[in-house]
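Heads up, the sequence shown is in the numbering used here, so the first residue is 17 and it goes up one at a time.
If you are wondering where the hints come from, they were derived from the structure by calculation, not from laboratory data.
Values in this document were obtained by computation on a predicted structure and should not be read as measured data.
Warning: the hint list may mix true and false statements.
With a Cα cut of at most 30 Å, we get these calculated DSSO-like pairs of lysine-lysine [to be verified]: (1) 81 x 22; (2) 71 x 51; (3) 22 x 71; (4) 50 x 81.
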Amino acid sequence: MAGREKARIGVFVCHCGLNIAGVVDVEEITEYAKKLPGVVYATHYRYMCADPGQKLIKDAIKEYKLNRVVVAACSPRLHEPTFRRCVAEAGLNPYLFEMANIREHCSW
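Go ahead and model the full structure; you've got the sequences and the hints to work with.
Here is the structure:
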């Protein structure tokens, strides 16, 4: 049962090209995330919503046995369905995914 297992969280920070990375220090956010309780993997990528970014998420879920995923990127209105589908395709319950909107809330 998902609620009883120890959290193994993966954090994925998107550059969104320069929309986010031109303002927000994505490397610093990634390093900070690595120190948070339950986080076993954190990385950043230029376009997390693109196919290579989604593959990175799927591969990390399997390799690091992630059971929770956080994506810090753009608007959930645009890409939340993309990432929920992505984690589901990797075998993770899509409701154990959370999205942080760091584009509209931090860089714009």
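In rising order, the numbers of the hints this structure does not comply with: Going through the list in order, the structure violates no hint and respects every one.
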